[in-house]
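> Here are the chains, one letter per residue:
Protein chains: 2
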Amino acid sequence: MSTQENKTHLILTGDRPTGPLHLGHYVGSLSNRVKFQHQYKQFIMLADAQALTDNMDDPGKVHRNVVEVALDYLAVGIDPKLSTIFIQSQIPELTELTFYYLNLVTVARLERNPTIKEEIRLRNFERDIPAGFLTYPVSQAADISAFKATLVPVGEDQIPMIEQTNEIVRRFNRLANQEILVECQALVPEIGRLPGIDGKAKMSKSLGNVINLGATESEIRAAVKKTYTDPLHLRIEDPGHLEGNVAFTYLDAFDQDKESLAEMKAHYVRGGLGDGTVKKRLEECLQELIRPIRERRAALAQDRGYIIQILKEGTEKAREVAARTTSEVKTALGLKHF
Amino acid sequence: MSTQENKTHLILTGDRPTGPLHLGHYVGSLSNRVKFQHQYKQFIMLADAQALTDNMDDPGKVHRNVVEVALDYLAVGIDPKLSTIFIQSQIPELTELTFYYLNLVTVARLERNPTIKEEIRLRNFERDIPAGFLTYPVSQAADISAFKATLVPVGEDQIPMIEQTNEIVRRFNRLANQEILVECQALVPEIGRLPGIDGKAKMSKSLGNVINLGATESEIRAAVKKTYTDPLHLRIEDPGHLEGNVAFTYLDAFDQDKESLAEMKAHYVRGGLGDGTVKKRLEECLQELIRPIRERRAALAQDRGYIIQILKEGTEKAREVAARTTSEVKTALGLKHF
Chain U
12 MSTQENKTHL ILTGDRPTGP LHLGHYVGSL SNRVKFQHQY KQFIMLADAQ
62 ALTDNMDDPG KVHRNVVEVA LDYLAVGIDP KLSTIFIQSQ IPELTELTFY
112 YLNLVTVARL ERNPTIKEEI RLRNFERDIP AGFLTYPVSQ AADISAFKAT
162 LVPVGEDQIP MIEQTNEIVR RFNRLANQEI LVECQALVPE IGRLPGIDGK
212 AKMSKSLGNV INLGATESEI RAAVKKTYTD PLHLRIEDPG HLEGNVAFTY
262 LDAFDQDKES LAEMKAHYVR GGLGDGTVKK RLEECLQELI RPIRERRAAL
312 AQDRGYIIQI LKEGTEKARE VAARTTSEVK TALGLKHF
Chain D
12 MSTQENKTHL ILTGDRPTGP LHLGHYVGSL SNRVKFQHQY KQFIMLADAQ
62 ALTDNMDDPG KVHRNVVEVA LDYLAVGIDP KLSTIFIQSQ IPELTELTFY
112 YLNLVTVARL ERNPTIKEEI RLRNFERDIP AGFLTYPVSQ AADISAFKAT
162 LVPVGEDQIP MIEQTNEIVR RFNRLANQEI LVECQALVPE IGRLPGIDGK
212 AKMSKSLGNV INLGATESEI RAAVKKTYTD PLHLRIEDPG HLEGNVAFTY
262 LDAFDQDKES LAEMKAHYVR GGLGDGTVKK RLEECLQELI RPIRERRAAL
312 AQDRGYIIQI LKEGTEKARE VAARTTSEVK TALGLKHF
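Taken in sequence, the protein lines are chains U and D.
The first sequence begins at 12 in the numbering used here and counts up one residue at a time.
The second sequence begins at 12 in the numbering used here and counts up one residue at a time.
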């Protein structure tokens, strides 16, 4: 605990528990969290309440995946002694803050949010946007500010959400005439998004182009076999292209032996190296990366009670922090009567 | 308690605590509540959280008026043993329900709500509607359904809010595949809205045409003097008009001696009865009505601790009910993990 207290920055991060986590999550966020937990105070939120904004038709899916995602966290090395893992829906204070912050942002402002605009387009919502979806940046502002987070890891495309949060923070502080809430900064990861095995820009469960962190040996083998390479590289002796070649993008991310990888790339480009050889190396790397994760995951999954206990303790700790902020906010809004 | 339990209908009603209550409230709702508390279970909400949706610039006003409005309630005869008086903001479960219900209603549906449309017009919000204002019918649905209220006293113009609530109730129950929430009925009072002393359709603090329930003798006298009558009734011997004549509207509402009133009306219409005489009678009626209210109010105001105690007990009782419903809702949404 004493080391926790010495850390100046506080990170809020998390996932919507809508399915098992995959290599895209590993590269984009999980591996960073494993590092960050030593440098910063870190709160990791299982955003089940937020997940319902577009999964109201299947709440069972969200429910089941809370424990599944927690297993993924622990399996990759997130340490509950260093990171506070908690369940969003178990902290009613987050909905209280959302409720009051809704008065600090106009409908027009929410409709202008580029992230929301894009997500509305992706989901074909058009005029039938659920109100909970339009207002979810306000809910994010509640989550971030409840913990007085100073750093929020997000992709480039999520920066408008951070701006929206800081607008609400500033508006509230001005209203309260006190610096109660804290502005945050986006922490954009150096390594960008991992493409799907099919070459699509994003690895995503709904696109069916993922390799899960709990994948079996044969699932990994099958996925590597399907991994997109260079469609113009028909014969071994032909020169191959690296650009858009997912096998090499993955090797860049996961092959620790950078020297051999550089040689392999040169060989591939000048011709004479078959996709089979490249994929063999990729499979080695992925089997090596995922095996210990899968094994830890399987071992942890034996003791569901332990996972629940970790979530319970993390949620209690997180709730204390959120309750303190909410109490300050409500006091400033004249909502304390006894 | 046993009588409470035998009552089949449950009423949810309340006020936004933004100022002292006046005769308009008395006629339109308070006097009914004094009756209803014997017939129905009755929960009366001091809607401080909702009041902030358009008073975010002056939360102190809302805070102060919570106790003031509670004083008005007790002074008119609302009995905390028969009615549960509670403070909205002290029941976080109401914001939780609001949060989840936001997923059950589209932005387009909220924008079509005629009550909201009209209130947006009145407040000159136009494109700059605070999100909390657009979504407040969802918050109302949360309040009503949290208590499984079956009757909600509202004016004619608020009926769309009840429809919105029932839409959410039906949608949720369909989703949960269980009858967890309960539909409610609007209870439109027989006696309509009391006009302002200036003849405007509505008695309203912001229009400055009210007589408060705590008005002093001289305030009542002054208000009666200013009360709008028949502008064409210049000389005593002229025939007078009753239509739009606020003095007579008030006499209709407050003069218990219906026979004398009928005679007075006939006399006024055929000519020979001066406004002074009419107003003298009106003042008698109002002084008689308000004196005991004012006196009880002043006595109660001496013991703020007692008022706070009543609000605390009412809020605890209300919270138990709301928490039970919220627990059912969250269970159905897969949001119970421990």
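Bear in mind the hints are in silico, worked out from the structure with no lab data behind them.
Just so we're clear, the structure is a prediction, and the values are computed from it rather than from any experiment.
Hints should not be assumed to be uniformly reliable.
Copies of the same chain look alike in the list, so a pair counts if it fits in one copy or across any two.
[Said to hold, decoys possible] Here are the computed lysine-lysine pairs in the DSSO-like style, where the Cα-Cα straight-line distance is at most 27 Å: (1) K290 <-> K159; (2) K347 <-> K72; (3) K128 <-> K237; (4) K236 <-> K291; (5) K128 <-> K290; (6) K328 <-> K128; (7) K211 <-> K323; (8) K159 <-> K347; (9) K347 <-> K92; (10) K347 <-> K216; (11) K276 <-> K92; (12) K347 <-> K328; (13) K236 <-> K128.
> Hints the structure violates: just list their numbers, smallest first.
1, 3, 5, 6, 7, 11 and 13
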